[in-house]
Amino acid sequence: MNKQMMNQALRVIKGRAMAPFDLDACIAQLLRKQLLHEALLREICEKTKEVLMRESNVVHVNAPVTVVGDIHGQFYDLIEIFRIGGYAPNTNYLFLGMVFKQSRVISGIDFRAGDYVDRGLFSVETISLLTCLKLRYPDRVQLIRGNHESRAVTQTYGFYSECVRKYNSSHVWTYFTDMFDFLTLSVVIDNQIFCVHGGLSPSIHSIDQIKVVDRFREIPHEGPMADLVWSDPDPEKEDFAISPRGAGYTFGAGVVHKFLQQNQMSHILRAHQLCMEGYSSLFDKHLSTVWSAPNYCYRCGNSASILEVGPGGSMYFNVFEAAPENEKDGPQQQAQQNASGRLPEYFL
Amino acid sequence: MAQSQVPIPEHKLLESPNSRTIEIFDWSITASTNPISNASECDSLQATLGFPLPEMTFGNNLLTLEHKSSSWKYSFTTEGALKAVKNGELGPGDGGVKTVPTKPYDWTYTTTYPGGLEPSDSEKPSGEEKPVESKWIAADPEDPSQAIPMAELTRPDPILFYAEIPLFEDELHDNGSSALLVRIRVMPGCLFILARFTLRVDNVLFRQFDTRIYHSFSSSPPLIVRETSGWEAPYDRVKRLLPMRDDLTPLTDPSFITKALTEMPPRLSQGEGGKTGWRALGTRREITKLAS
Numbered sequence: 001m002n003k004q005m006m007n008q009a010l011r012v013i014k015g016r017a018m019a020p021f022d023l024d025a026c027i028a029q030l031l032r033k034q035l036l037h038e039a040l041l042r043e044i045c046e047k048t049k050e051v052l053m054r055e056s057n058v059v060h061v062n063a064p065v066t067v068v069g070d071i072h073g074q075f076y077d078l079i080e081i082f083r084i085g086g087y088a089p090n091t092n093y094l095f096l097g098m099v100f101k102q103s104r105v106i107s108g109i110d111f112r113a114g115d116y117v118d119r120g121l122f123s124v125e126t127i128s129l130l131t132c133l134k135l136r137y138p139d140r141v142q143l144i145r146g147n148h149e150s151r152a153v154t155q156t157y158g159f160y161s162e163c164v165r166k167y168n169s170s171h172v173w174t175y176f177t178d179m180f181d182f183l184t185l186s187v188v189i190d191n192q193i194f195c196v197h198g199g200l201s202p203s204i205h206s207i208d209q210i211k212v213v214d215r216f217r218e219i220p221h222e223g224p225m226a227d228l229v230w231s232d233p234d235p236e237k238e239d240f241a242i243s244p245r246g247a248g249y250t251f252g253a254g255v256v257h258k259f260l261q262q263n264q265m266s267h268i269l270r271a272h273q274l275c276m277e278g279y280s281s282l283f284d285k286h287l288s289t290v291w292s293a294p295n296y297c298y299r300c301g302n303s304a305s306i307l308e309v310g311p312g313g314s315m316y317f318n319v320f321e322a323a324p325e326n327e328k329d330g331p332q333q334q335a336q337q338n339a340s341g342r343l344p345e346y347f348l
Numbered sequence: 001m002a003q004s005q006v007p008i009p010e011h012k013l014l015e016s017p018n019s020r021t022i023e024i025f026d027w028s029i030t031a032s033t034n035p036i037s038n039a040s041e042c043d044s045l046q047a048t049l050g051f052p053l054p055e056m057t058f059g060n061n062l063l064t065l066e067h068k069s070s071s072w073k074y075s076f077t078t079e080g081a082l083k084a085v086k087n088g089e090l091g092p093g094d095g096g097v098k099t100v101p102t103k104p105y106d107w108t109y110t111t112t113y114p115g116g117l118e119p120s121d122s123e124k125p126s127g128e129e130k131p132v133e134s135k136w137i138a139a140d141p142e143d144p145s146q147a148i149p150m151a152e153l154t155r156p157d158p159i160l161f162y163a164e165i166p167l168f169e170d171e172l173h174d175n176g177s178s179a180l181l182v183r184i185r186v187m188p189g190c191l192f193i194l195a196r197f198t199l200r201v202d203n204v205l206f207r208q209f210d211t212r213i214y215h216s217f218s219s220s221p222p223l224i225v226r227e228t229s230g231w232e233a234p235y236d237r238v239k240r241l242l243p244m245r246d247d248l249t250p251l252t253d254p255s256f257i258t259k260a261l262t263e264m265p266p267r268l269s270q271g272e273g274g275k276t277g278w279r280a281l282g283t284r285r286e287i288t289k290l291a292s
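Chains as they are written, first to last, in the numbering used here: chain P, 1 to 348; chain E, 1 to 292.
Any given hint might turn out to be false.
No farther apart than 27 Å at their CA atoms in a straight line, the calculated lysine-lysine pairs in the DSSO-like style are these [what the hints assert, rightly or not]:
| no. | chain 1 | residue 1 | chain 2 | residue 2 |
| --- | --- | --- | --- | --- |
| 1 | E | Lys98 | E | Lys12 |
| 2 | E | Lys73 | P | Lys237 |
| 3 | E | Lys239 | P | Lys166 |
| 4 | E | Lys86 | E | Lys12 |
| 5 | P | Lys237 | E | Lys135 |
| 6 | P | Lys237 | P | Lys258 |
| 7 | E | Lys259 | E | Lys289 |
| 8 | E | Lys239 | E | Lys289 |
| 9 | E | Lys275 | E | Lys83 |
| 10 | E | Lys83 | P | Lys237 |
| 11 | E | Lys135 | E | Lys83 |
Not the full set, but computed from the structure, chain E residues with beta-carbon under 7 Å of chain P [claimed, not checked]:
| no. | residue |
| --- | --- |
| 12 | Ile36 |
| 13 | Leu49 |
| 14 | Leu53 |
| 15 | Leu248 |
Keep in mind that the hints were calculated from the coordinates and are not lab data. C-beta atoms are modelled at their ideal positions from N, C-alpha and C, and glycine is treated no differently.
Could you build the full structure based on these sequences and the hints that come with them?
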C-alpha cells in the first residue's frame with residue numbers, strides 16, 4: 001500500500017471512530033425544539049472545539065453578513081431571526097455572544113418559587129442549535145464570546161440548572177462551558193467593521209494586540225480579554241474610565257476615534273446593552289449597539305434588531321418584535337396574565 | 001380553592017392596553033405597566049437625576065391611589081424611586097458597597113422610597129394647599145388596628161384587582177442585581193401593597209427593603225398603615241442556605257432571598273446586616289388618617 005492510500009484508509013477509520021452523526025438531522029431536530037441526546041452533544045461540542053481552536057482571536061469575514069446581538073435563550077425569537085433574516089447557510093451570520101441570562105424571567109414572578117424553572121426557558125435548545133450551525137457551516141456562521149459565556153455567569157443565571165433539569169446531570173453544562181473557552185473574541189468585516197461583544201480595552205490599541213491574547217480559558221477578572229467582553233461605551237466621556245460599578249471599563253469618543261484611525265477601520269459593532277429601540281448609534285455613528293432579544297425577559301416590551309451588513313459597507317438594522325409563539329409557550333404568557341390580573345397572588 | 005363567604009362590594013374595573021383602574025368605595029386605583037423607557041425618555045430622566053439610569057427603567061410605569069373625598073393621592077413612580085437613590089459621595093448610613101470610587105452615586109440603586117404624595121410638594125404651584133392630613137405618624141404598637149393584619153391577608157378572599165408593576169431593574173454589570181417591584185391586591189375588605197427593593201451584590205451581600213401599605217375599607221376615619229423594613233446579610237451567609245451547592249439560581253430569586261433574610265435571627269439581618277452601616281435596617285410602622 002502506498003502512502004497516499006494509507007492516509008485515505010486512515011481517514012476512513014478515523015471518520016468511523018468519530019461516531020458519524022448527521023448534523024443536518026440534528027439541526028432539523030433542534031429547529032423543532034427537540035433536545036439532542038447527551039452523548040451526541042458531547043461529540044458535537046468536541047468537534048466544534050476543534051473548529052474553534054483553529055480560529056484566530058480576530059476572524060476576518062466578508063459582507064454580506066447579518067449580525068446578531070444578545071439572544072438570551074429566547075428560542076422562539078432566534079427562530080424569528082432566521083425567519084426574517086434567512087436561514088443559514090443562505091444568510092451568513094455573526095453572533096456577538098450566544099447566551100442566556102434569565103434571572104429577569106424569574107424576578108417578576110418570585111412568588112412561584114419552584115415553578116418558574118419549568119416555564120419557557122430554552123437555553124439548551126438555543127445554544128445547541130447555534131453550536132450545530134457553527135459546526136455545519138464553520139465559514140458562514142461566526143460565534144463571538146460574550147461575558148455570559150462563562151462558568152460563573154451560567155451557574156448563577158439558570159443555564160446550569162436548566163441543563164441539570166433537562167439531562168439529569170451537569171455533564172451537558174460542562175460540555176458547553178468547556179467549548180465556550182474556545183470561542184473567538186472578535187470579528188472584522190471587510191477590514192472595516194470591528195465586532196466584539198462588549199467593547200474596547202485600554203491595553204489594546206491595535207488589532208494585532210488582540211491576536212496574541214491567550215483566549216483558551218475561563219474569562220479572567222481583568223485584562224484585555226475581560227475588557228473586550230465586558231466594557232461599555234460612555235457618550236459623555238472622551239477617554240477610558242473605570243466603570244462606576246468598579247468592574248470593567250467605559251470608553252469614550254476619543255478612544256473610539258483613535259482605535260478606528262490606528263486600525264484603519266470605519267466602525268465598531270457590539271452588543272451587551274439593552275435598548276428599547278433594538279439598536280443605538282453613538283459617536284457620530286462610529287459605534288453601534290445591536291440588541292436581538294425582543295421583549296427582554298418577557299416583560300421589557302423592547303424591540304430587537306439584527307444588522308444586515310451589505311457589500312460596500314451598507315448597514316441596515318432589521319427591527320423585529322417578539323415571536324408570536326412566546327405567547328403560547330413561554331414565561332411571557334405568565335407575565336401577561338400577571339399584568340392583566342388573571343393570575344393574582346396572595347403575596348404578603 | 002375554598003373561598004370564604006365574603007360579600008363582594010360594588011366596584012368598577014376599567015381597562016386599557018397599558019393601564020387598569022378599579023373604582024371601589026371612595027377609592028380610585030390605577031396601575032400602569034408599559035415597556036421600558038425609550039432613548040429620549042431615558043435622556044431626559046437621566047438629566048433630571050444626574051446619574052446613569054438602571055439598565056431597565058420602566059419610566060412610564062406607576063401605581064396611584066386616590067381617595068376621592070379627602071383628595072389624598074399617593075403614588076409609586078419610577079422617578080420618585082430613583083430620586084431616593086443617593087447621588088453624590090456616599091456617607092455614613094448610606095450603606096455604600098465599596099468599589100473603586102469613580103462617579104459619586106450609589107451604583108447599587110438602593111432606594112428606601114416608600115411611595116409619595118402626588119403631586120409632590122416641590123411640584124405644586126406655590127400657594128396651593130397641602131392635601132388634608134397627609135402626615136405620617138408613628139403607629140401605636142399596642143393598637144391592633146394600627147398594624148397590618150396578616151391573618152386577614154392570608155385568608156383566600158377573592159382578589160378583585162391585582163397588578164405587578166416593575167419600576168426598575170439593573171444587573172449591576174452582571175455583578176448582581178438590583179430591582180424594585182410594586183404589587184397591589186384589592187380585596188373585598190381592604191387594599192394591600194408591597195413595594196420590594198431587592199439587591200444582590202455577588203460575593204458581597206444581599207439587601208432588601210419592603211414598603212407595605214394596608215387600608216381597611218371599614219376603618220373610620222379612613223386609616224392607612226405603612227410599614228417599612230430593611231434587611232441585609234453577607235452573601236456567604238445566604239449562599240450557605242442553598243439546597244444544592246452548585247446551583248446558584250435561587251440566589252436570583254427574590255422569594256428565596258426574602259425567606260433567607262426574614263428567617264435569620266433579626267440581630268443578624270436587621271442588626272449587623274452586611275456590615276455596611278446602612279441606616280434602613282429594622283422595621284418601622286406609621287399611620288396616616290384621611291378626612292372621611
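Hint by hint, here is what the structure shows:
Note on E/Lys98 and E/Lys12: the hinted pairing is violated, with a Cα-Cα distance of about 50 Å set against a maximum of 27 Å. A threshold of 27 Å between alpha carbons decides the hint, and for E/Lys73 with P/Lys237 the separation of about 41 Å lies outside it, so the pair is violated. A C-alpha spacing of about 24 Å is found between E/Lys239 and P/Lys166, which places the hinted pair at or below 27 Å, so the restraint holds. Distance restraint check for E/Lys86 and E/Lys12: the Cα-Cα separation of roughly 40 Å exceeds the 27 Å cut-off, and the hinted pair is therefore not satisfied.
A threshold of 27 Å between alpha carbons decides the hint, and for P/Lys237 with E/Lys135 the separation of about 44 Å lies outside it, so the pair is violated. This hinted pair checks out: P/Lys237 and P/Lys258 have alpha carbons roughly 14 Å apart, not beyond 27 Å. Pair hint E/Lys259 plus E/Lys289 does not hold up; C-alpha atoms about 32 Å apart against a cutoff of 27 Å. Of the pairs offered as hints, the one joining E/Lys239 and E/Lys289 is violated, with about 42 Å between alpha carbons and a cut-off of 27 Å exceeded.
Restraint check: the Cα-Cα separation between E/Lys275 and E/Lys83 comes to about 25 Å, which is no more than 27 Å; the hinted pair holds. In summary, the hint linking E/Lys83 to P/Lys237 is supported, as the alpha carbons are separated by about 24 Å, within the 27 Å threshold. Restraint check for E/Lys135 and E/Lys83: satisfied, since their Cα atoms lie roughly 20 Å apart, inside the 27 Å limit. With 7 Å as the threshold, the beta carbon of E/Ile36 comes within range of chain P, its nearest partner Cβ sitting at about 5 Å, so the hint holds.
Against a cut-off of 7 Å between C-beta atoms, the interface hint on E/Leu49 is violated, since the closest Cβ of chain P lies about 14 Å away. With a cut of 7 Å, the hint placing E/Leu53 at the interface with chain P is violated, because the nearest CB-to-CB distance is about 11 Å. For E/Leu248, the suggested interface contact is upheld, since its CB lies about 5 Å from the closest CB of chain P, less than 7 Å.
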